[in-house]
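The two chains are supplied separately, each in an independent frame; assemble them into the complex guided by the hints.
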Amino acid sequence: MQTLSDNLHAELEKLIAKYRTADGGLVPLLQEAQDLVGYLPREVMEKIAQGLDLSLAKVVGVATFYSQFHLHPRGKNIIRVCQGTACHVRGGLAVLEKFEEKLGIGRGGTTKDLQFTIESVACLGACGLAPVVMVNDDTHGKMSPEKIPELLASYKGDKPHEQ
Amino acid sequence: MSNKRILVCGGTGCISSKSRSTYDVLEEELRRHDELAEYQLAFTGCHGFCEQGPVIIIEPEGTFYAQVTPDKAKEVVTGLLKGEAVEGLLYVDPVSGCRVLRRDEIPFYQKQQRLVLKNCGLIDPEDIKDYLARDGYKALTLALQMDGQHIVDWVKQSGLRGRGGGGFPTGIKWESTRNAVGDKKYVICNADEGDPGAFMDRSLLEGDPHAVLEGMIIAGYATGAREGFIYIRAEYPLAVKRLAVAIEQAEKEGFLGENILGSGFSFTIRLKHGAGAFVCGEETALINSIQGNRGMPRPRPPFPAVKGLWDRPTLINNVETFANIPVIFSLGPHKYSQIGTEQSKGTKIFALTGKINNTGLVEVPMGITLREIIFDIAGGIRGGKEFKAVQIGGPSGGCLTEEHLDLPVDYDSLISAGAMMGSGGLVVMDESTCMVDLARFFLTFTRTESCGKCTPCREGTKRLLEILERITGGNGREGDIELLESLGRNVIDTSLCGLGQSAPNPILSTIRYFRKEYELHVKHKVCPAGVCKALTSYRVLAEKCKACGICKKHCPAGAITGEKKVAHVIDPEKCAKCGICFEKCPFGAIMK
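Which chain is which? The protein sequence lines are C and Z, in order.
Counting from 1 along the first sequence, just add 7 to a position and that's the residue number in my numbering.
Counting from 1 along the second sequence, just add 102 to a position and that's the residue number in my numbering.
Chain Z with its partners taken away, still in its complex shape (with noise of 0.2 Å):
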């Protein structure tokens, strides 16, 4: 492979970005200059500065450009020529205000890890050669010298505990399955990944299929399974697309089918399409959905290690488990276990949204503080505004505030502070946010998500669910907070599974360290932040106003009087609290 490759990101964020249609500019001008032959032109998965996209990396320099859309990808190759960077593509540094060149010398990824996305951005996906110059499978050709008992060891050795939320040591689970007696044993992938604000799995999946398929095929061999299944959502159709691809390649390679590498193990992988629901994401449920049901989970034990998919040994992990394996393989348990904390070993990925300066997915070390993650690789706060909280976890997880921020993010002091891994999933959140409309935000999605089987969810989120929305829309009384808390701890108590267990906990979090805010909302009527509309009202600064008549001739309900020279006026019964006012007057002098 030539060293000199222009990498052209291709995940979903910076294909919505145009990035195909630069690659297909660079390709045409590429074909127009002789003299640039040497270089290779790649589509690969995902960089994870999503906002910065399209992003493009020439190698071996490592310049790194941001932004590049189709109008300019022609600059590209002007800068090329002239066998310089262009100074007007280079990622700007929201912090110091310079413009940074190399990649490897941007913020964003100093502080990073990355050794499940050391491929990420720096491979072809669709094209195995690639994997296979990074030492892919490398893993793979190991373990099949080793006997099944010695790699379990290794994954236990190694402190592995399962990537998608719970934590549990990922070595046992496969000690479980492989001492399981089954005349069929399976493996399956969850990717299902349905936390809002998590992509983890669906850029891993996009920018490095190969290495969940090798985790898949060494965890089959290990637990005696010749069959695997990967449960992926349908929403994420490039993911699948690349999967599909990247089975095809690795059976074609002898990686994958009959007798893998003259080894005499066979191991098949299949392709399920999810339809549509978050508590597939549970493992008991993910089964009975394979199974062609509705996908309702059932109580734990029998554990899926022992009667799984059609009642036989299964071992479920998620994606990003999976691509650790090969790190483990490549680093040695020992060397893998040195990384991270002392009950939470190795690295872990995070999607980095919300209000702040860098969003995008990071790997970072377990332990590593969230001031870290939030002021040093996300750059801080947009637009200069106070840091308020994090969610983190998703629907499972809760807020924490700035007196955390110097916490160290592993699985067990999550928990104990109100909070959980989740997949991942880390919303920053300013002073705009309103903590009680973020619960009652929650509270929908895990209601409506809610399968119904057992009572204390079905009608558990929806009680808990009626009190948040009476709050936020003016009515709250005297005790909804206690009853809140009493209500959202049973159940968490006596729910059946996973989705019932964490539902409340957005709620009891944010009561924990914004009660404040919710007392605010239930005696005063009052929403601090200004988002629970029926909370809200505008009015203008009468020694503020210009009397321009922007607000006026913005306002779609016509609530607004007022002449020239002569402060404007909002007639309160006649105002929709749209905020369009507040978002249009140049001179600040609407207030809420």
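Isolated chain C, as found in the complex (with noise of 0.2 Å):
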């Protein structure tokens, strides 16, 4: 099934150009091709291995190691929520629980509307500011589920929020 719209198809094919003859080129390539589509849809990995002269299933054995790589489509806001030690040991989990509760999807997911997807991290090195969240680029310290509702608010829609 041909998913792409010919922009993004004719963008892949820049990229794919772009590191067919670099050292290591395969990770970078679908970190790009991830950033251009949004997630890795099989059409994607089928093009790069083509495109590489791999097996599909090099591409999607890559793809499926790192826990950067999504095949499946994501919200516009990526919510990742903090599960480090320090996190942990400060009540990390009541606040991914909450997001859980709020949005109605469990780790991983992502909201029917794709507004939101939200996802757990090992650490994501703020941990003087546990518990921490960090939306798309945002850190957000000090968090406890009480603040989780506002938190969304300001996500929500095209709002733009507040840096």
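Don't take each hint at face value.
Output of the computed footprint for chain C on chain Z, the stretches with three or more beta carbons under 8 Å from beta carbons of chain C [to be verified]:
1) 272-284
2) 388-396
3) 456-465
With a cut-off of at most 20 Å between alpha-carbon atoms, the simulated EDC-like pairs for lysine to aspartate or glutamate come out as follows [said to hold, decoys possible]:
4) K106/Z <-> D126/Z
5) K686/Z <-> E153/C
6) K343/Z <-> E20/C
7) K374/Z <-> D30/C
8) K54/C <-> E107/C
9) K679/Z <-> E39/C
10) K120/Z <-> D145/C
11) K679/Z <-> E104/C
12) K648/Z <-> E665/Z
13) K409/Z <-> E20/C
14) K149/C <-> D532/Z
15) K654/Z <-> E20/C
16) K694/Z <-> E675/Z
17) K635/Z <-> E39/C
18) K635/Z <-> D30/C
19) K120/Z <-> E104/C
20) K374/Z <-> E39/C
Hints were generated in silico from the structure; no laboratory data involved.
Nothing here was measured: the structure is a model prediction, and the numbers come from that model.
Note that beta-carbon positions come from the ideal geometry of N, C-alpha and C, so glycine has one too.
Following this line, the structure appears as structure tokens:
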């Protein structure tokens, strides 16, 4: 099934050409392709396999090995809830559960309106502010379950959010 | 450079407390006051005191302002105009309750020895001039006048050991790479900090990227490599950005690229983004990842120094290790080797977190005791609770207790106590942490992150986790503790790489020091810390209950009943064990 627009298709071809001869180009190519499309559908991985002269199994093998790659569409806002040690001992799980409850999805899940995806991550490296949540590229420290509805509201719709 | 500076912290911690807006307000205010034109405003790297963010330092006085949110930024300028410190912005010492004026008077900084972090928080990481003004690239200039073997000898004499956790002597690694034969050689900086609870590499890269580059260039010169890679976590966008800026500036100034400083030596550095796999911190796995494969380790030997990236001799060191190189050059190897203990030289950066008063990043000489770190620097346990344990070294490390508080912190003493330096995460726990649950937490992490290549790690971590889940879930069986011990030792002895070889450490060390807690879980089905839900029940102490109805109002399960003036009751059948009643009760009438 053709899911990519012509425009995306052309961009992807350009990326493949850029990495065709590069040593160790598969991982950065997958990263850039994912930035372009938003995730890695089968079609994209097939094109990459063809372009780099690799088996599809090899491409899928690499894509599923790293936690950064996603094989399904994701929400507009990616919520990453830290479950690192510091966050764990300061109540990071309660924060994660509150997100799941408010959005009605589990970790790794995406809301039906494609607004939010929840992920749990091992550590965001901002332990001094535990528990920590990252929404897109913004880090929010010292979270608690009570603060979550407000945080979600600030990202809903197209409202510009505070940096 | 004017000596009147306002340094606003631009580390990830402070930025998330809105330090960028604070900076903007200050910039605007300074523009409106010509009399303050002498003040130079800088957005710096991490000061280490993340919890007090946004942090501001006024030079030359060294006035330290904490929690300067954007709405308070104007007060800073008012203070400058009046020529006096703003009382309300000064840091309050949690132990004495007093306000402290200067950074160097704060206990958090007093016991530190900041050599590697000496520039962090004091320079603008995006301006190479700031680095040069603090003797940056002097080590490189000196190194280029030396013979490569001479440099290797210096590193050996300094006694520096790898800061990534294993503690392998850095000089020997450099020498093997230098002596290895190959048409091309590589230097790799391992910046894939994946330990939960560790952020020292991140802060270094964000706060002083040139120090890491300088160490790498010297390593390239000494080992005969012409190409370098920095393998960095994609989750660190700020560090990536600042490194890219630093590389560009270093190239422009002639410290990187062709014919460096006219020496005839050429060296390039490229960034490689990690894709999120903890095992890639292991050097052979990291090499596989750079080559575009699944990041799986392979047996050693051959070591990367002989056969590494694309089968060529490769030197891999961690971020902090490289950042130590300019320090060795500025002090001289002899003076450097006088810091620390007999077998562990220099300083170590620790990420201090958990139930302590001052969380943050600290650099201390090796050999300092845990007591000094936890009670003097970190200001003791938060909320006046009791110290229970400290977890050191992340998922590879272990837990230490009260009896280890006076243990000198160095590579070997930690290992003999059943823990490990690891990358330097240090998480302090009080009585509200369940040690079995903590072991389960780390095993959940290592099981997910096991690459699956070797059976002991793939299957072993899975089974260990199953047993721990059984215990925390209230179904522990007789013999489970012994099974954890023997299986754990097997996984350590038979796994292929460091991930599996250290994965059981959190279990074995918690059993070693908190066996009683395990026994209570298994035999009596009790979780003394009240963390394991299946083993915790809540009840109301009738004599303390004021029948205020707060718990009843908040209970999401509708499990609490009670009328006015009648002590409330929790129905154990309906109770979801969420603990909300325990938290909300203002009279401490709910018991776990």
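These are the hints, each one checked on the structure:
Under the rule that three or more residues need a Cβ within less than 8 Å of chain C, the assignment of the region 272-284 of chain Z is violated, with 0 such residues. Under the rule that three or more residues need a Cβ within less than 8 Å of chain C, the assignment of the region 388-396 of chain Z holds, with 6 such residues. Taking a C-beta to C-beta cut-off of 8 Å, the region 456-465 of chain Z contributes 5 residues in contact with chain C, enough for the three needed, and the coverage statement holds. Only pairs whose Cα atoms come within 20 Å are accepted, and K106/Z paired with D126/Z is accepted, the gap being roughly 18 Å.
Distance check on the hinted pair: K686/Z and E153/C sit about 13 Å apart at the alpha-carbon level, within 20 Å; holds. Restraint check for K343/Z and E20/C: the C-alpha separation of about 27 Å exceeds 20 Å, so the hint is violated. A threshold of 20 Å between alpha carbons decides the hint, and for K374/Z with D30/C the separation of about 12 Å falls inside it, so the pair holds. About 35 Å separates the Cα atoms of K54/C and E107/C, which puts this hinted pair outside 20 Å; it is violated.
Taking the CA atoms of K679/Z and E39/C, the gap is near 45 Å; set against the 20 Å cutoff, the hint is violated. This hinted pair checks out: K120/Z and D145/C have alpha carbons roughly 10 Å apart, not beyond 20 Å. Between K679/Z and E104/C the alpha-carbon distance is near 14 Å, which keeps this suggested pair within the 20 Å criterion. Distance hint between K648/Z and E665/Z is fulfilled; the C-alpha atoms sit about 11 Å from each other, no more than 20 Å.
For the hint linking K409/Z to E20/C, the alpha-carbon distance of about 34 Å lies beyond 20 Å, and the restraint is violated. For the hint linking K149/C to D532/Z, the alpha-carbon distance of about 19 Å falls within 20 Å, and the restraint holds. Taken as a hint, the K654/Z and E20/C pair is broken in the structure, with Cα atoms around 61 Å apart against an allowance of 20 Å. Among the hinted pairs, K694/Z with E675/Z is consistent with the structure: their alpha-carbon atoms are about 15 Å apart, no more than 20 Å.
For the hint linking K635/Z to E39/C, the alpha-carbon distance of about 43 Å lies beyond 20 Å, and the restraint is violated. A threshold of 20 Å between alpha carbons decides the hint, and for K635/Z with D30/C the separation of about 50 Å lies outside it, so the pair is violated. At roughly 26 Å between alpha-carbon atoms, K120/Z and E104/C are farther apart than 20 Å, so this suggested pair is violated. The suggested pairing of K374/Z with E39/C holds, with an alpha-carbon distance near 13 Å, which does not exceed 20 Å.
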